[in-house]
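Participant: Residues per chain, in single letters:
Protein chains: 2
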Amino acid sequence: MEMNHSRKTIKENKETSKGTAVVIGGGLVGALCVCILASRGYTVTMYEKRSDLRKSAFTRGRSINLALSHRGRKALKLIGLETKVLEGAIPMKGRLLHCKRGNTAAVLYDPVNKQNIYSVGRNYLNQVLLDAAEKYEGTTLLFSHKLQSVNLMENTITLWNEKTNENITVTADLIIGADGAFSCMRNYMQKQLLFSYSQKYIEHGYLELSIPRERGDKMEKNHLHIWPRGTFMMIALPNQDGSWTVTLFMPFEKFHSLTTQAELLTFFSDIFPDSLDLIGKKELVETYFSNEPSPLLSVKCSQFHMGDKFLIIGDAAHAMVPFYGQGMNAGFEDCAYLNKILDQTKDNIKDAIEIFTKTRKDDVHVICDLALYNYTEMCDLVTTRTFKIRKCIDNILLKLMPDTWMPLYHSVSFSHMRYRDCIENRHWQDWILKNVKFACFILLFMILIAIIWEYLSDAIFEQNISYESTVIKQCSLRNQ
Amino acid sequence: MEMNHSRKTIKENKETSKGTAVVIGGGLVGALCVCILASRGYTVTMYEKRSDLRKSAFTRGRSINLALSHRGRKALKLIGLETKVLEGAIPMKGRLLHCKRGNTAAVLYDPVNKQNIYSVGRNYLNQVLLDAAEKYEGTTLLFSHKLQSVNLMENTITLWNEKTNENITVTADLIIGADGAFSCMRNYMQKQLLFSYSQKYIEHGYLELSIPRERGDKMEKNHLHIWPRGTFMMIALPNQDGSWTVTLFMPFEKFHSLTTQAELLTFFSDIFPDSLDLIGKKELVETYFSNEPSPLLSVKCSQFHMGDKFLIIGDAAHAMVPFYGQGMNAGFEDCAYLNKILDQTKDNIKDAIEIFTKTRKDDVHVICDLALYNYTEMCDLVTTRTFKIRKCIDNILLKLMPDTWMPLYHSVSFSHMRYRDCIENRHWQDWILKNVKFACFILLFMILIAIIWEYLSDAIFEQNISYESTVIKQCSLRNQ
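The listed protein sequences derive, respectively, from chains R and C.
With the first letter of the first sequence counted as 1, position 159 gets the number 159 in UniProt numbering; the numbers rise by one all the way through.
With the first letter of the second sequence counted as 1, position 229 gets the number 229 in UniProt numbering; the numbers rise by one all the way through.
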C-alpha cells in the first residue's frame, strides 16, 4: 500500500492566538480540552482516530457509570456548558439496593443537602462537546486521524489519515494526549527512562445489558440501581429515553461458567430474580451469548508530561475502574486544572506541564485506588450493618458540622477538595471515631472498676468491722 | 533503505529432536536456556541483537552485583558447567562494612556452615555459556538479529538481520524471550487484554567506578565491601584480575548536585574517605563526570506466557533492583524450573508454559520486593544494633536447628526453597520471636507481680498484726 507523507505545521494566527495546541483524541476529555484551550485563546487542532460520531449511526459503546458529579460540572461550567449538559442528564439522588428476595432499599447520596449525581449518555455529552469545540475560532477538528508515532527529539507527532492514506507530521506549542486507556502517546512515554508505570486488570469483567423503555418505567426513577451480591454485582443507570443501561460485573470465571441458556436463566432467576422480567429472557440470552465480557483496567503513571510540550490527561494518564463514577470527572478536572496552571504560569507551557505532573500525580493515584476499593463497597459493604451505622454517623456529623465533617463519598462527589485530601480527611475521621470508641470503652471500663471498687471497699470495710468485733470479743473473753 | 524479507522455518532433525525452540537474547539467561533446551534434545536457534561478545573488544558493561549463589549454581550444574564457572569466580564469605572513620567490620553470610557467594564477571560467564551452547548438536547461535515484531495469530516472530539488512520471519514449537529488562517480546505481551504489568524506577541511580589491580590488594579479599551511609551506599566486588568494580548507589538528586571536581572530592573525602586513595582522585573525577548515573528498574508481570508457544524468562519477566544479588540467580532458576516442568509435562509445551506462569509468578514477585527491601538493609540496617542482635539469634538457632530455622538471607542465597516460602518462613520466624519476646515480657511481669504481692502481703500481715495488737491494747485499756 503506497502512502504519501507530508509535513505540516499548524498555522497560528499570530495576532490573536496565545499559541498552538494539538489534542490527540476527540472523546469526552479530548473535546473538553479543545474547548478550554480554545477559550484561553489557543489555536487548537484535534485529531480523533474514529470517524465523527455525530455523523455516524449510533453504535453500541462503552457507557458504564457515566455519572457526572461536581468536578465534571465545574469544568463544564468553565466553558458555559454545565446547564446544557444537565438538561440532557438524569439526576440520581441515591443508590437503590435490590436484595435477592426482590425488595429494595434506598440509600441517599446526600440526605443532608439533597445533592444529586447525574446519569448522562456518553454519546450525547460527546456531541455537545464537539459542537461547542468547533464553534471556537481557530479550532480544527479532524477525524479518522490515528497517532502513529511520537518524535521526542524533534517535538513532532506523526498521524495517519485513514481517508487519504497519508501520513502527516505535525508540531505545536502544546501537544496533549487524551487518547484513552490504551493511549498511544503513553506507550511512547513509557519507554522513557525513569517513567514508572503500572497497568492492572482486575479479575472481574463487565457485560452490558439493557432494560427497554417500555419496561423502564417499572424501575424507580432518579436512582442508581444496584444488585449487590457479595463478590459481584449488577447496576443500572437511567437513560434519557426511559430505557436503562444495565451492567453486570462478575469474575471472568463466573461469566465463562454459564454456558447454556438454562444455566444463565437459572442463575438470573436465583440471583437477580426481579431483573429478569425487566431485561427480558430472550433479550438477556441474546445479549449474553453474543458478547464477550469486557475487562476492567486501572492505569497509573509516575509522570504525565514528556519534554517541553507533551502532556497526557484523562484515561491516558489515569484509567480507573468505574466504581467511584470518577473516571470522566477526574478527566474533566484535569482540563480545568491545566487551565488553572496555565493561568498561574502565564501560559509558560514547559513550567505548566511540569507542575501538572508534580501536583496532580498523588490525586489521581488516590482516586484510582478508591475506585478499586469502591467495588468491594458496592458489592458487599453497602448491605452491612457497620456500613449503615457509619453512614448514619457521617450524616449526623455532616449536618452538625458541615464545614468540618465531610464524609468520603461526599468530598469526592460533591466537593472540589483534592482527591488526596479526601482520603486524608477520611483517615483523620477514622482516627477520631476510633479514639471516640476507645474513649467510650475506657470510660465504661472505669465506671465498671469504680462499681467493683465501691463493692469491694464495702466488703473490706464490713470484713474489718467483723474482724474488729471478733478481736474485741476475743479480748473481752480473754479479760473475763 | 531497501529491505529483503524472507520466511524461514527452523528445520528440525525429526529423528533425534524433541522439537524446535527459538530463544531471543544471548545474554546470561538466554545462553543458559539454549544449553538446557539443547541438552533436552531440542533443536534450538538463538537470536541476539548485539554482535558476538566473544569476537568484540571488551566493552564497559553492566556488572553490578553479579553474585552467583546456590540457585544459579544448581542451574549451571544441570549442564555440567558449575565447576568451570566457579573456577573463574571469586568466593565472597561475607560483607565487609566500611564506616565513615575508615575502620571496617566483617559480617559473614553463613558463619555456621561457612558457605560463600561468588563474584563472577558478566562477560566471562556469558562466554562460557555461549561456548557451551554452540557445542550442542542442533543449536544455531545468530548474532546481530533484532526482534522486530511478534505475530500471535500466526505464532511467528520477525527479526531484522543487521548485517544483511534482511527481515526474517520464523516460528518454532517454543519461542522464548530472554531479551532483558526492556524486552521487546514483553512489549507485545503487554498489549494483550488481562496482562497486568508494572515497571517501577526507584529514585536512586548507580554509577560504576573502579579500583585498579595495582591498588586492589589493599582491599580485604573474599568479601563484598559495603560503605553503608543511611540513605545511600557504595559497594565493591572483586574481579579475577585483582581489580574491583565499585558501584555508587545514590539518589539522582545527589548525583546531580555534585557539579564540580571540588564538590565531588570533598564529598568523597567526607563520606567515603578510605576509598579515595583506592579509586584514585583523577580516575574518580574522570569517570564521574564522563558518565551519567544509570537508573534501577523493577518489573512485574501477571503472566509469562502468551498463546501456546511464547514464554518470557529472566529480566524480561522479572527485572529487579540488584540489592539481593538474585537477578541472575532467579533468571537461571527460571531455566532450571522450565526444564523441570518440561519433564513433568513430558514436553507438552502448551501445558508447561501455563504451569510456568501459574507456579512461578508469586516467587518472582516476592524476590522483586525483597530486592527493593534489601537496599534499606544494605544502606542502613546492617549497622543497627537490632539487625546485629537478630543476625546473632538467627545464627544460633540455625546452628541448633539447621532443618527448622533457616534465616531469610540463608534461604534465599544458600537454598533452593521457593522464594515465596522464604518470605513465609521469615514471617513465621518473626511471629515466633515476637511471641517469645511477649512471653518473656509476661513472665517478667508476673515475677514482678509476685514480688510485689509477696511484699504487700507481708506488709498487710504486719499491718493486721499491729492493728490486732492496737485493738488488744485498746481493749485492755478499756477493760482496765
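Among the hints, a few may not be true.
Identical copies go unnamed one by one, so any copy, or any two together, can satisfy a pair.
Unchecked claim - Calculated cross-link-like contacts (lysine-lysine; reagent style DSSO-like; alpha-carbon spacing at most 27 Å): (1) K300 x K49; (2) K74 x K358; (3) K191 x K49; (4) K358 x K300; (5) K350 x K200; (6) K200 x K49; (7) K93 x K221; (8) K221 x K163; (9) K200 x K361; (10) K350 x K254; (11) K300 x K191; (12) K300 x K473; (13) K388 x K437; (14) K434 x K191; (15) K437 x K114; (16) K388 x K358; (17) K346 x K100; (18) K391 x K100; (19) K300 x K200; (20) K473 x K221; (21) K473 x K114; (22) K358 x K200; (23) K399 x K388; (24) K163 x K191; (25) K361 x K300; (26) K55 x K473; (27) K361 x K93.
Worth flagging that the hints you see were computed from the coordinates, not collected in a lab.
Participant: Up to 27 Å between alpha-carbons, please classify K300 paired with K49: within, between, both or neither.
Facilitator: within (23 Å within a copy, 31 Å between copies)
Participant: Within a copy, between copies, both or neither: which one fits K55 and K473 at a CA-CA cutoff of 27 Å?
Facilitator: Neither, since 112 Å and 114 Å both go past 27 Å.
Participant: Measure nothing new, just compare the shortest in-copy and cross-copy C-alpha distances for K163 and K191 to 27 Å and report within, between, both or neither.
Facilitator: Result: close only across copies, 26 Å inter versus 30 Å intra.
Participant: For the identical chains here, do K346 and K100 meet the 27 Å Cα criterion within one copy, between copies, both, or neither?
Facilitator: Close neither inside one copy (57 Å) nor across copies (49 Å); limit 27 Å.
Participant: When Cα atoms must be at most 27 Å apart, do K191 and K49 count as within-copy, between-copy, both, or neither?
Facilitator: Both: 23 Å inside a chain and 18 Å across chains, each within 27 Å.
Participant: Is the C-alpha distance from K358 to K200 at most 27 Å within one copy, between copies, in both cases, or in neither?
Facilitator: both (23 Å within a copy, 17 Å between copies)
Participant: Checking K388 and K358: alpha-carbon separation at most 27 Å within a copy, between copies, both or neither?
Facilitator: For K388 and K358, neither the intra-copy (37 Å) nor the inter-copy (39 Å) Cα distance is at most 27 Å.
Participant: Could you figure out if K399 and K388 sit no more than 27 Å apart (CA to CA) within one copy, between two copies, both or neither?
Facilitator: Answer is within; shortest intra-copy Cα gap is 16 Å, inter-copy 55 Å.
Participant: Within, between, both or neither: how does the pair K350, K254 come out at a Cα-Cα threshold of 27 Å?
Facilitator: between (49 Å within a copy, 24 Å between copies)
Participant: Measure nothing new, just compare the shortest in-copy and cross-copy C-alpha distances for K473 and K114 to 27 Å and report within, between, both or neither.
Facilitator: neither (78 Å within a copy, 81 Å between copies)
Participant: Checking K93 and K221: alpha-carbon separation at most 27 Å within a copy, between copies, both or neither?
Facilitator: Within one copy only: 9 Å inside, 73 Å across.
Participant: Measure nothing new, just compare the shortest in-copy and cross-copy C-alpha distances for K361 and K93 to 27 Å and report within, between, both or neither.
Facilitator: Neither. Shortest intra-copy (31 Å) and inter-copy (44 Å) distances fail the 27 Å Cα cut-off.
In summary, the numbered hints that this structure violates are 8, 12, 14, 15, 16, 17, 20, 21, 26 and 27.
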